[in-house]
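Asks: Chain by chain, the residues:
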Amino acid sequence: MESTPQFIGRSLYDLDDYSADEIMYILEAAKGMKEINLREYKKIPTLRGKTVCTLFVEDSTRTRMSFELAASRLSADVVSFQATVSSLRKGESLQDTVNTLNAMGIDLYCIRHSSPGSPQLVHKYSGKPVINGGDGRHAHPTQALLDIFSIWERLGNLKGIKITIVGDILNSRVVRSDLIGMTKLGMEVTVCGPRTLMPANMEQIYGCKVEYDLAEALKDADIVMGLRMQLERMTEGLFPSLEEYSRHYVLSKETIKFAKKDALIMHPGPMNRGIEILPEIADSEQSIIVEQVANGVAVRMALMFLILGGKL
Amino acid sequence: MTTLIKNGIAYINNRFSRRDILLKNGKIQRIAQTINVEKVEQIIDASGKYVFPGFVDIHTHLRDPGQTYKEDIASGTRAAAHGGFTTLCTMPNTEPVVDNIASVDYVQRRAKDLGSAKVYVIGAITKKSEGLEISEMATMKSGGIVAVSDDGNCVQNAKLMLNCMRYATNFGLPLIIHAEDYNLSGNGQINAGKVATKLGLSGISPLAEEVIVARDIMLAENCGAKLHIAHISTARSLELVREAKERGVKVTCEVTPHHLLLTEEACLNFDTNTKMKPPLRTEKDRQACVKALKEGIIDCIATDHAPHADFEKTREFDHAPFGIIGLETAFPVLYHYLVKPGYISLERLIEALTSAPVRVLNLPENTLKAGNPADITIIDLDAETTFTPESILSKSKNSPWMNQTVSSKVLYTFLEGRQTWKAE
Numbered sequence: 011m012e013s014t015p016q017f018i019g020r021s022l023y024d025l026d027d028y029s030a031d032e033i034m035y036i037l038e039a040a041k042g043m044k045e046i047n048l049r050e051y052k053k054i055p056t057l058r059g060k061t062v063c064t065l066f067v068e069d070s071t072r073t074r075m076s077f078e079l080a081a082s083r084l085s086a087d088v089v090s091f092q093a094t095v096s097s098l099r100k101g102e103s104l105q106d107t108v109n110t111l112n113a114m115g116i117d118l119y120c121i122r123h124s125s126p127g128s129p130q131l132v133h134k135y136s137g138k139p140v141i142n143g144g145d146g147r148h149a150h151p152t153q154a155l156l157d158i159f160s161i162w163e164r165l166g167n168l169k170g171i172k173i174t175i176v177g178d179i180l181n182s183r184v185v186r187s188d189l190i191g192m193t194k195l196g197m198e199v200t201v202c203g204p205r206t207l208m209p210a211n212m213e214q215i216y217g218c219k220v221e222y223d224l225a226e227a228l229k230d231a232d233i234v235m236g237l238r239m240q241l242e243r244m245t246e247g248l249f250p251s252l253e254e255y256s257r258h259y260v261l262s263k264e265t266i267k268f269a270k271k272d273a274l275i276m277h278p279g280p281m282n283r284g285i286e287i288l289p290e291i292a293d294s295e296q297s298i299i300v301e302q303v304a305n306g307v308a309v310r311m312a313l314m315f316l317i318l319g320g321k322l
Numbered sequence: 009m010t011t012l013i014k015n016g017i018a019y020i021n022n023r024f025s026r027r028d029i030l031l032k033n034g035k036i037q038r039i040a041q042t043i044n045v046e047k048v049e050q051i052i053d054a055s056g057k058y059v060f061p062g063f064v065d066i067h068t069h070l071r072d073p074g075q076t077y078k079e080d081i082a083s084g085t086r087a088a089a090h091g092g093f094t095t096l097c098t099m100p101n102t103e104p105v106v107d108n109i110a111s112v113d114y115v116q117r118r119a120k121d122l123g124s125a126k127v128y129v130i131g132a133i134t135k136k137s138e139g140l141e142i143s144e145m146a147t148m149k150s151g152g153i154v155a156v157s158d159d160g161n162c163v164q165n166a167k168l169m170l171n172c173m174r175y176a177t178n179f180g181l182p183l184i185i186h187a188e189d190y191n192l193s194g195n196g197q198i199n200a201g202k203v204a205t206k207l208g209l210s211g212i213s214p215l216a217e218e219v220i221v222a223r224d225i226m227l228a229e230n231c232g233a234k235l236h237i238a239h240i241s242t243a244r245s246l247e248l249v250r251e252a253k254e255r256g257v258k259v260t261c262e263v264t265p266h267h268l269l270l271t272e273e274a275c276l277n278f279d280t281n282t283k284m285k286p287p288l289r290t291e292k293d294r295q296a297c298v299k300a301l302k303e304g305i306i307d308c309i310a311t312d313h314a315p316h317a318d319f320e321k322t323r324e325f326d327h328a329p330f331g332i333i334g335l336e337t338a339f340p341v342l343y344h345y346l347v348k349p350g351y352i353s354l355e356r357l358i359e360a361l362t363s364a365p366v367r368v369l370n371l372p373e374n375t376l377k378a379g380n381p382a383d384i385t386i387i388d389l390d391a392e393t394t395f396t397p398e399s400i401l402s403k404s405k406n407s408p409w410m411n412q413t414v415s416s417k418v419l420y421t422f423l424e425g426r427q428t429w430k431a432e
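Which chain is which? The protein sequence lines are L and Z, in order. Every number in this note's numbering is 10 more than the matching position in the first sequence, counting from 1. Every number in this note's numbering is 8 more than the matching position in the second sequence, counting from 1.
Do not rely on the hints blindly, as some may be mistaken.
SDA-like, lysine to any residue: derived pairs with alpha carbons at most 25 Å apart [claimed, not checked]: (1) Z/Lys57 / Z/Arg26; (2) Z/Lys403 / L/Glu102; (3) Z/Lys321 / Z/Thr413; (4) Z/Lys202 / L/Glu102.
No wet-lab data here; the hints were simulated from the structure.
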């Protein structure tokens, strides 16, 4: 396997910059990477001498670890910048931070930031390729890629597959990227949640279906994905209580009956067990939630491999 | 200093006619088909060029005092001259806020000493524009303010706003409102709509503007206040104004060049020079603004010139401040995108930049007429202007039109007969 010029030095802000063929190419590469992850010695020398920086201006241990592990397994050097323990908290601007990091010779940035559009800024400041690890509510393309990879691996194809995503659609960057990638590959997406957690113009923008009733939304679904419901939405006046939310939108044995038999269960994590999803479902045979995490490392390895011009 | 402008196409009585214009002692001395004088210091051949009264911007932020790294009275009025403006009305949201006569005096004195444009001061409606207590409007009025506004802020308490209106009316002051319900706008960054959904940015609902427009029209109607709505931006707000005008409410409104020309789509690449309040709206709203300007529901154009330094604007979208500069871009972009393709007439554009704002705030007349101050701009509609960080005289360069080239070029600007701008 080898990278191709179309990927080398290219940033990943969101999946709308990538064609269906390019996404499939990434997934193929991820397949190869997954095989490496199953070896006893999980490391290949392809990116030796390259330096990857995880620049996390918003807390996230899981995604950061996934990126760092991916880089390490390809033998890149990894430096980690976290705003909680560093200068951004002291008021240094993102520009100054990136200038400083860049002076140390970074080849690729993986950024998580609460502000939409900040990966583009990091590229503008550094001139280096940037992988978006989540920017505010805007996009989370590596999560979407690992979601799509997980479905593709399980079902063997994507065209015509029906997925229903349930929960806080308004605040979810995962949904936005999933919608772009999944519809591009021919999947049929339905989003479901209360009106106060549903952003405007979803059908027009993404060509998805919008349902407010869970039973209706789950009809004929091949896959059901839950989203994390956050307590702070209550103080924003978007819903009255977790209990009431749960009563209408929880994924349980009972509600999942509306979907196809043996429908796959997904969740980008971290889960609020008992609120948006019950353990009986999260830990069931149908659940591929743990696989999603494993696939995340493979997909991120594939991206770094392609962007930094690796060879196998 | 005497200047003779020969053969220009002059805007007189809402019409264009070829005239010679003689400027002397700061005034327009004569306007005639042909003027021949022997002793004149400067003769400008304006054949084929347009001669307009100096433009009037009733919504300018000069950032002085307090934020002079963004702009100051000298740089801001130079920018005005470059854009063909000879009169500005400054918003009071400086540091400190212009809510007292000492601050009014400061701005007026600096403008007189350093200014390349006339500056009229707008005082705050409430102390520090905090929306809690009425400012000393009457004292400021005696010091020369032409209106009151809490621009940038909006009085949220309706009872207080009613009292502010009654008090301002007592002293003959119009009120200019920045219509924004804080609970509805919240942490919004751009218009609540398709683009906000796509970009994951918090939206500012059109309702945030419309409910305050509706409220303040009702309050003004109740107490007879003279109400001017700043930077109106939505189709529904315009409906409310139209209905109010039909009922005889004393309400006027202005629109900015950017709300006439750009929509939320401009935000798609996260350019912070498309971030302002009110936000860029939808194409439907934009078209409604153009139509309302044409029909006179919108009285005048105002720039809302809002300078911000590069280091403030070049950062994460939701951390960048709201606002863009406008004095130097206003005429060329409006001419290029609205007049040249035929959406509005040149006559209406000039009226909306000259006599209409004068009427809204009851400022001294500035038409091309013998005896009036020689506030004049000469523009070549066939030439082009390219906006670059070097060509922009404002200290700040935050414009969505940066590095674009448009038709028309401001050749000269005169302030009371003194040349304040001349193109290379």
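Asks: For each hint given before, does the structure comply? Return the numbers of the non-compliant ones in rising order.
Replies: The structure conflicts with hint 4 only, although it agrees with all the remaining ones.
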